[in-house]
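Given the coordinates of chain A, work out where chains B, C and D should sit on it, guided by the hints.
Chains as they are written, first to last, in my numbering: chain A, 1 to 391; chain B, 1 to 391; chain C, 1 to 391; chain D, 1 to 391.
FYI, nobody ran anything at the bench for these hints, they're computed from the structure. Here the structure is a predicted model, which means the values were calculated and not measured. The C-beta atom is built at its ideal place from N, Cα and C for all residues, glycine as well. Possibly wrong hints are sitting among the right ones.
Residues from chain D shown here face chain B by an in silico Cβ test under 8 Å; the list is partial [to be verified]:
| hint | residue |
| --- | --- |
| 1 | Q3 |
| 2 | L44 |
| 3 | T47 |
| 4 | Y67 |
| 5 | N68 |
| 6 | L69 |
| 7 | V70 |
| 8 | S71 |
| 9 | S72 |
| 10 | V76 |
| 11 | G77 |
| 12 | T84 |
| 13 | E207 |
There are 4 protein chains.
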Amino acid sequence: MIQKRKILFVTGARSEYDIMQPVLEQLNNCNDIELKLIVTGAHLSETFGKTVKNIENDGYEIADRIYNLVSSEDKVGRVVGIGTQITGLAHAFAREQPDIVVVVGDREEAITVSMTAAYLSIPVAHLAGGDIANDGNIDNAVRYATSKFAHIHFTFLEQHAQVLRLLGEDDFRIFNTGNPALDKFVHCPVIPKNEIAPLKVLKTGNEPYLVLIQHPIITEATDAGKQIVETLEAVVDLGIKCFINYPNSDAGNFAIIEMISKYAGEYPEIFYLFKNLDRVNYINLLRNAAVLIGNSSSGILEAPSIGLPVVNIGSRQRERFSAGNVIYVDYNRVEIATAIRESIYNPVYRATVKGIVNPYGDGNSAKKISDVLRSISINDKLIYKNITYKV
Amino acid sequence: MIQKRKILFVTGARSEYDIMQPVLEQLNNCNDIELKLIVTGAHLSETFGKTVKNIENDGYEIADRIYNLVSSEDKVGRVVGIGTQITGLAHAFAREQPDIVVVVGDREEAITVSMTAAYLSIPVAHLAGGDIANDGNIDNAVRYATSKFAHIHFTFLEQHAQVLRLLGEDDFRIFNTGNPALDKFVHCPVIPKNEIAPLKVLKTGNEPYLVLIQHPIITEATDAGKQIVETLEAVVDLGIKCFINYPNSDAGNFAIIEMISKYAGEYPEIFYLFKNLDRVNYINLLRNAAVLIGNSSSGILEAPSIGLPVVNIGSRQRERFSAGNVIYVDYNRVEIATAIRESIYNPVYRATVKGIVNPYGDGNSAKKISDVLRSISINDKLIYKNITYKV
Amino acid sequence: MIQKRKILFVTGARSEYDIMQPVLEQLNNCNDIELKLIVTGAHLSETFGKTVKNIENDGYEIADRIYNLVSSEDKVGRVVGIGTQITGLAHAFAREQPDIVVVVGDREEAITVSMTAAYLSIPVAHLAGGDIANDGNIDNAVRYATSKFAHIHFTFLEQHAQVLRLLGEDDFRIFNTGNPALDKFVHCPVIPKNEIAPLKVLKTGNEPYLVLIQHPIITEATDAGKQIVETLEAVVDLGIKCFINYPNSDAGNFAIIEMISKYAGEYPEIFYLFKNLDRVNYINLLRNAAVLIGNSSSGILEAPSIGLPVVNIGSRQRERFSAGNVIYVDYNRVEIATAIRESIYNPVYRATVKGIVNPYGDGNSAKKISDVLRSISINDKLIYKNITYKV
Amino acid sequence: MIQKRKILFVTGARSEYDIMQPVLEQLNNCNDIELKLIVTGAHLSETFGKTVKNIENDGYEIADRIYNLVSSEDKVGRVVGIGTQITGLAHAFAREQPDIVVVVGDREEAITVSMTAAYLSIPVAHLAGGDIANDGNIDNAVRYATSKFAHIHFTFLEQHAQVLRLLGEDDFRIFNTGNPALDKFVHCPVIPKNEIAPLKVLKTGNEPYLVLIQHPIITEATDAGKQIVETLEAVVDLGIKCFINYPNSDAGNFAIIEMISKYAGEYPEIFYLFKNLDRVNYINLLRNAAVLIGNSSSGILEAPSIGLPVVNIGSRQRERFSAGNVIYVDYNRVEIATAIRESIYNPVYRATVKGIVNPYGDGNSAKKISDVLRSISINDKLIYKNITYKV
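Only chain A is shown next, with the shape it has when bound in the complex (with noise of 0.2 Å):
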């Protein structure tokens, strides 16, 4: 009998998830494979929608759960949980013994997994390596410090590719197969506009519609309600319904949260919120929006693969490759308002976005990630990191 090779997935958070769970499906059916996850961090609170829930559905084994991020917005109450985290995972790899160690992107779970999993000898594959977000945010730090710590790099983007050999990464570690997240997305069944959940509200087929989804910046955490405001009285000013997505765990989130209720009570007619809209309806939402504006990565990943036009708002993914269908503009009203209308109402500008190739991926990440963690050779050259500094 083959010894099964035994794949171990950390996540803490729907972002992540929603990225690893394509790669997931894929290993999941690989009779050389054993699967498992370990859920944490956002995952498990009621705050951010318990989203643990989402991954039981999917039916995926999990190894352990564990219980650690701390309700507070200060930041000190991140970093606690960062350290119950470490504890956690500890005690969770030296149980599980896996063979390889999965995690994604730039949040606490990329440095404390990989950290983790490298004083335990355990080899660690990093997927979203050598991206880049705003400046000077903390998550550029945490996912340098985890491609130093992982032995295997999944890049995204052939620039960060190149960011991780210019960091002294080996070439042999690293496979720039695009984003997973776009698999799904790109082959995401089509759901007729009229049938669209949140869609109910329109009051025509032919209204154009924002999707607004704007995630706090923990360095700016004490103007994160300040920040909303300018956009939301940017479509107030327009007059334009609006679907807006709740923000993530960071700091500054519940002033976000708190503003972004006040205007759907103040505005019934163009506010509408949403927790945890389905994958498939919001994908569907995407395809048949005006625009999407806020400061989600998805306005960078995954609308290139629909042609659709972002406006993003703010420092948060300005730093970030944009294929060509990103306005970039301030915390300001107007400017926000300026650019929204630009994306709507100007066809050329339109046309092109239509026809842009998404340089993030072409839908087939998953597989090309799966073949990788089955294959690559587990030995002392993965595990031990080579110095490649020549000075």
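Then chains B, C and D, alone, in the frame of chain A:
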């Protein structure tokens, strides 16, 4: 009244403290500086000499003692301790609100302190970045990851500064000051040989003797016992007196302690163990030694200042830049014995080693570092790290 | 110079702080006392009103803020938070070296503080020992266990002092002082009814109104939503205005918050939510209320001082000694409505309730407690508890 | 198919494991039981013999290893370890969902396990409740607090069952089974004296010898070294061979280890140290010993079964019920020596001790305990503890 700049050092082991102590000495005399320490890890353990007492004796203000070192050789214990340390540091930093935190080296304290401070937007100064330890050791990953979180880098060698530039760190953050541990080493008072405490056991003033410091390597922890036996057997073969310092707290150290205790019992005329020899006696012990053997960083960093030949055993330190006073050998009693003989009895080699200029510092590093810590502008440019990769 | 006695209070929730605050007020004016607080748990969470701000505003010195409340309704999250709290308290007690630590009640802070201090041989004073909450609740186990660790007991009822004697506690440790929360309650300034903030919504000065506070019960957490609906429906039926306070942070509270928000949205003329009403307005709101409903301890402890009828719903408080002003009902809208009607419209019952003497205190408890804390001898007899069981 | 009852034992030290092991043995052979262990604390530390290996060798399934023992003699380190242990237990219990958890004694595991399980509404069975150790020791507070959290009590003495009734515990929860550690003790195979491993050093078969086990007392930790010296000096005075077992992991143990090592070095003909003597040799060592000295519970609990005289030194065990085989003395070399002489050379006393019936058990305790664990009804009556104080 001028607001004093508050600088908080964190130390988890004597090796770190020895490097930072000259800087503490400089800053403690500055009336524009409020200086505090957080003491953690091995400092609080009787197993490792409870060296917090040294710090108390030196008279620095201790802001917190964070108890986190788990009593176990299993690597998972170490990571659990990391989690506890982060939780403690988060609370301590929030309480103390330092202007700058300072940390040294590549142990867990380096990464926990730099990550915690970075999440809390507190500037981190890191000593000893850009260095390279042996292949595949977790230390390298920790050190590079720390550099990605840190805001100010004090390097000990020009080559290390170069590595940090390759890692994408801004020039204005990098100061090649040399190693402050050398300051005390260079300026350490000379004790006449016949007054050096451990040397009372020597029969004649001219009897050559060895000093042995051999730390465990985490990735080779299970071999630690076997490895030290090769060294001990080589010394038994040569029949030369050998003073042995206790190893550090990394996994594998129990096996080493067990073996050196055993050999010291069997060969009381050859081996002399010491746990916490005071620094002055230690340095004078080295000054008069024939050869330093093992894998202590001391052989690479300090020995050149006193023209001391070194036999470095095994993979630890192998990647480090040597000034020319080091013979590298494997865990092999014959190789070790041969190299020791060469180091003692080849007059040409001894003369060359005597003439070396130490590239790791000139004895004034602490002053250079404290000047930067006192004067560097603390602003957004320092705290929010730009992305400097251009791909 | 006389060494001041250092007393350290620990509080994790507003309910605890409200009880200890009058004692703090007494001690803060004593020049033989150094007074500090450790603030933890729900105080640091926006979800529960971030009530650390109240403490800051009151001007007490905060020695540490321990972030430990896990954002999850799952009970395991609460226990993880207990672990973090203990670690934080251990470090804080070691740092502060208090002469006495003080804690209140039966929440996790009671057991974490008393256990931590007992391990460190620091005397613990516990307020509210010997009390009895509802059947089977973890609160009772926590309170009794706390009493076994504590060295000084301040009880709120003679019967509670009796329970402690049965538990084997020495007489010299037990002080039946009454509940200091009553001090402020009894001496709270009277606001004319027409100036009480929330009452602006009343149409006439004579309109009777209800106050509702219903906390979740941990052992019935999954029923919390269903339970509150019974109460809300009873109030809708009666059509009487009802002011609702937010529930505490126990598991199940999210469901309650969801339901009260929903009903407040549907019946804006009946339900008025408030999160952090200032205490003076709150007490005056009670003074003029027709009935207090729900399961707040306030109904048992404070309402007798102002002759306020109470309808206590469900198992919480059922085991507590009532002065005669409480009708106990089940989670059943008919029972609840009937009891409210009796409480409002039966003149004999209302007269009886008006005449009650409150067995929980006379308004001078804080002075009694602070006198003991200042004067009790701290010695081995106090710290090392004798075994008093003779079997 | 019948659902097996899942029983989870938690052990943190060899002393606990020795008590529970006969029960494990019973349950492991029952096909209606799923049996698992959580191993934590001193079991995972090389300093205390890494006794997890014994458990692995015994072949029980280990559900989790929780690394929490902090390497420090300072009491704060122990409490930090308690916090980590609780966090680990919470996650483990949530993952394993046991029907019953079982814990033994009065160490930190007793309170952490019982509190964690009680918060999670999992029934806790506690062995050794109602016992009384020395005055003022934290052990008593821990044990009583544990009893207030626990749902099922297995006592080792009728008097202990009485204490639990006084503490308000229901009769149906209390089972006076005796101590299962005695089962193995009583039924332990007899080794001929001349084949008992450590006794090879005896010169003649009739030479009387002592066995010494002296643990530190937390509240007297700083005196531990001085205390053991009195014992060692008394033995030196008598000139009788003495076999010394290592002390447990409580604060103060380092000083004891240091002293016994020193004396063993100085008097190699008198003192023989052993760390992890196998149980069979250990029991046969006792069977042939002249006197057991120190403060081990073994002298109270087990020695009566073999008619062995005991000299109990200091406050530990002083409050425990003795069957009549124990002479209590202070930390005083003269008193100790006198009591040892009486125990060896007074034929009347020796004869009385020989004839004692052990009140701590008849050798069938494990069967009684396992029968209850298999058959007790798990329902609300068990889980939700009623209030039984009538005042």
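These are the hints, each one checked on the structure:
Using the Cβ-Cβ criterion of 8 Å, the hint placing Q3/D at the interface with chain B is not satisfied: the shortest such distance is roughly 33 Å. Annotation: L44/D was flagged as interfacial toward chain B, and the flag holds, the nearest CB pair being 5 Å apart, inside 8 Å. Given the 8 Å rule on beta carbons, the hint for T47/D holds: about 5 Å separates it from the nearest Cβ of chain B. The beta carbon of Y67/D comes within 4 Å of a beta carbon in chain B, closer than 8 Å, and the hint placing it at the interface holds.
The interface hint given for N68/D holds, since its Cβ lies 7 Å from the closest Cβ of chain B, which is under the 8 Å cut-off. Proximity of L69/D to chain B holds as hinted, the smallest CB-CB distance being about 5 Å (cut-off 8 Å). Because the closest C-beta pair between V70/D and chain B is about 5 Å apart, less than 8 Å, the hint holds. Hint status for S71/D relative to chain B: holds, with the closest Cβ pair at about 4 Å, below 8 Å.
Checking S72/D against chain B: minimum C-beta separation of about 5 Å stays under 8 Å; hint holds. Interface hint status for V76/D: upheld, as the beta-carbon distance to the closest one in chain B is roughly 6 Å, under 8 Å. Satisfaction of the interface hint for G77/D is found here, the shortest Cβ-Cβ separation to chain B being roughly 4 Å, below the 8 Å cut-off. Interface hint status for T84/D: upheld, as the beta-carbon distance to the closest one in chain B is roughly 6 Å, under 8 Å.
The beta carbon of E207/D is not positioned within 8 Å of any beta carbon in chain B (closest approach about 27 Å), and the interface hint is therefore violated.
Against the hints set out earlier in the document, violations occur for numbers 1, 13.
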